[in-house]
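Same order as they appear, the protein sequences are chains A and B. Residues 1 to 85 in our numbering are what the first sequence lists, from first letter to last. Residues 86 to 234 in our numbering are what the second sequence lists, from first letter to last.
I should point out that these hints are in silico values taken from the structure, not numbers from a laboratory. C-beta atoms are modelled at their ideal positions from N, C-alpha and C, and glycine is treated no differently.
From the structure, some residues in chain B lie toward chain A, with a derived Cβ separation under 10 Å: (1) Asp-124; (2) Gln-127; (3) Tyr-151.
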Amino acid sequence: MAKEILIPQGTYTVGVDFPEGTYVFDSEKNDGTFDLFKNDKEQSNPYFNLDSDHGYKCRIELKNGDRFVLDVQVKVTKAEMISFE
Amino acid sequence: MKEKEHLWVKTTTATANNKKFLFIAKNENIEPDFNSFADGMQYINEIIHNYSDIYCCVIESDKSVYNKLLAKCCEAQGITVRKTKSLQSEIDTIVRGCQRQKQVRQTNYKKGTSGYKKIFPHITTDDDDSDSEKAIDDMIFMDLMDDDF
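Pulled out of the complex, with its shape left as it was, chain A reads as follows (with noise of 0.2 Å):
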């Protein structure tokens, strides 16, 4: 069974206070945003809705230097790999 743990909403800065690696939010039912800031400036920012009528449970790699925001407090899982064999 997949670990998981609630985190508290927030900014979050992969490398100091938040892992990194490739992982799951899901804000379990309640509407909230997801908001990613690459360490490159120049990428587009990610911006989900977690859990909204249209919303989805956004998947994603984090790198060091990144940095979220959650408006609402999370369930995170860490993602499996996905093998094509």
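Please arrange chain B on chain A, whose structure you already have, making use of the hints.
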């Protein structure tokens, strides 16, 4: 509550001045990853929910990512988080603080001394009765869970 050796955190609780403290130290034998962090957080959440009166969570801080995430998760539960480099010195500080309060309460002043009269701050509370005196005597009560420290 049984301490789990496989967790990356070690915990103990202490009661001082009628306030319950939860001390969290890193288990040096285990390097945390996401899964072990999740296990540790679950364990800490159980403690927080079982002891609903925890006043402050004292974390032995280092610069690791998981340590900072731990502090954020504890704060989110409405618990004051204090970080310290040495958990033992923090325990000593809390106990010393309680002892100092006790000494102030037990100071006896002599009347009629000649010369200048020294004025000491005198702190009184509404609950200055025998019950509170007993409570102060019992102020320092350590209940170590598993003698981890």
